[in-house]
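In order, the protein sequence lines correspond to chains Z and L.
The letter at position 44 of the first sequence is residue 44 when you use my numbering, and the numbering goes up by one with no holes.
For my numbering, count along the second sequence from 1 and bump the result up by 1000.
I should point out that these hints are in silico values taken from the structure, not numbers from a laboratory.
Because the structure is a prediction, the values reported are computed rather than measured.
Glycine included, C-beta positions come from ideal geometry on N, C-alpha and C.
All the given hints hold, so there is nothing to weed out.
In silico contact screen, one side only, chain L against chain Z (beta carbon under 8 Å); selected entries:
hint, residue
1, 1065
2, 1094
3, 1099
4, 1102
5, 1112
6, 1115
7, 1176
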Amino acid sequence: MMNRKYSLSLVLGMTFVSLLLAIMLISLFYTPHAVNVMKIADRLQGPSWNHWLGTDNFGRDVLSRVMVGAQTAFMVGAVSVGIGLTGGLIIGTLAGYAGKWLDELLMRGTDALLAFPGILIALLLVTIYQPSMFQTMLAIGILSIPSFARVIRSGVLQHREAEYVKAARGIGAGHMNIIFIQILPNIASSIVTTAALSFSTAILVEAALSYLGLGVQPPDPSWGRMLNESQSFLGKAPWFTLAPGLVITLTVLGFNLLSDGVRDVRDKRG
Amino acid sequence: MELGTKQDEQVLDIRNLRIELQTSRRTAVNVLEDVSLQIGKGEIVGVVGESGCGKSILSLSVLGLLPPAMRISGGELWYKDELPLHAYDNRRLQRVRGKEISMVFQDPMSSLNHGLTVGFQVTESLRLHLGCSKSEARERAIMLFRKVGLPRPEKLLHEYPYQLSGGMRQRVMIAIAISCNPGLLIADEPTTALDVTIQAQILDLMRSIREDDGTAILLISHDLGMIADMCDRIIVMYAGKVVEHGTASEIFDHPRHPYTIGLLNSIPTPAKKGNRLYSIPGTVPALHERGAGCRFASRCEYAADRCRQEQPPLIQVGKQHTAACFLLEEVNANAVV
Chain Z
1 MMNRKYSLSL VLGMTFVSLL LAIMLISLFY TPHAVNVMKI ADRLQGPSWN
51 HWLGTDNFGR DVLSRVMVGA QTAFMVGAVS VGIGLTGGLI IGTLAGYAGK
101 WLDELLMRGT DALLAFPGIL IALLLVTIYQ PSMFQTMLAI GILSIPSFAR
151 VIRSGVLQHR EAEYVKAARG IGAGHMNIIF IQILPNIASS IVTTAALSFS
201 TAILVEAALS YLGLGVQPPD PSWGRMLNES QSFLGKAPWF TLAPGLVITL
251 TVLGFNLLSD GVRDVRDKRG
Chain L
1001 MELGTKQDEQ VLDIRNLRIE LQTSRRTAVN VLEDVSLQIG KGEIVGVVGE
1051 SGCGKSILSL SVLGLLPPAM RISGGELWYK DELPLHAYDN RRLQRVRGKE
1101 ISMVFQDPMS SLNHGLTVGF QVTESLRLHL GCSKSEARER AIMLFRKVGL
1151 PRPEKLLHEY PYQLSGGMRQ RVMIAIAISC NPGLLIADEP TTALDVTIQA
1201 QILDLMRSIR EDDGTAILLI SHDLGMIADM CDRIIVMYAG KVVEHGTASE
1251 IFDHPRHPYT IGLLNSIPTP AKKGNRLYSI PGTVPALHER GAGCRFASRC
1301 EYAADRCRQE QPPLIQVGKQ HTAACFLLEE VNANAVV
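Isolated chain Z (complex conformation) (with noise of 0.2 Å):
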């Protein structure tokens, strides 16, 4: 009953999140050369046996800054997900199984969230506060709680009038078992899929934050900073501006097709 084959979407998804999580794993230890060490004599070198990737206009190796970027990277998309998962958990599930005015309220209030626009939200909280990995990070949690309260909301909608919670209610079954157990397990495969295209999202607004000067702050290497700092380099040095601009682009696509690929296996089981 069960197609066992896996999409080429989950396939190549996987393979990408998984070597960008193994290469930030791998800078928690090991960096060919130091991360914050300025060699000016060695500036905006191109890719060597040395310097694979080059160096920047400090003299600091490229892939090195690349690497301990992805800590940053999955740092921010790990707990800005978090935050909008537990918000949109707590706001999804009221708002899909207590209805009424309730629902009314919560889901007028994630609309209304979510008519502004997100970089306007993050600069707004950074501005109020001192910009920082901190503050990006809850902006950019917060503002993926609404996509996560209404996927959330509409499966726990969907599956609150189906036959199997009313045949758990018929044996005597509280709200809190029907809500924990039967219900959000089984809609466990769309949180994912939105967990995993919310995770891309964090990382891009990121690097666009960074890239504003308005994210993560120096010397704590961040690829959005490192596509800001080489762009007056490009003509010179394109290795600087590709390096990171690659990684994103991997780590953004990896991320939406694992996404994918979840979606398809879930579709296929049916």
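Got chain Z; can you put chain L on it based on the hints?
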């Protein structure tokens, strides 16, 4: 209408139940009106009627599982003369559901949670109501599986609903329903979704549960043949009211209400082969179209003016037999009782 069985202890006593559907902020219509029904220990009582006559609503109301727009607006529901179910809130009803009264739903394909193992779902109510430990619950689940005739019970515990056939799933549903030895089992069209041979097996299973444990069964169906086969007593409902009530043999051999007669005439039998099958003319009046008179008046060939203005009461037409029709008043006056 007081012909409930006095033979044994009463399991369920429904007294003049009325259920209201809120149609807008200020208006409501009655979905069920003045329904009374008693079920004794070990008795199988059938409720028949067309779709929309309120038979499913009746069964859901017993467990307090009415849809949000409906509520009990009159009458009483007593379980074993001890528990006033009509006055219970959700929290107290939760302790009754699955323990004292349990329900088997129509479609076993969708009434099991596809994300949980069969074992988990069977042991759930044991753990909820009896506080069984995991291993105790497992032992009992295996026993229950044997009892409902499921093969390889130990392995089955770890399987998921999609691995089972429809008949097996309905057996699982019944195992769940009887897991806490309830006094009353409500089966809402338990065999409609199954094919004929499996139907017979499931019905046999329900009979044996009644024999072994003295469980009373409230069987809801539109399948007259099955009802005739299974039930001790039968209630015929039409548009939210009880139109006839009697023992199975009385209802089938001597139906008195024009609706029951029409219903029985519309069963296809080999003898009627070649002839056009009888059907009651017209359709059931919609909720808001129910007039002041007899609900069946618009489709009844005997309807007189009086029928359109007044509602006929249930009239005693036999020792164990009542019917709601003015035509029967004369019969009654001529003393059959």
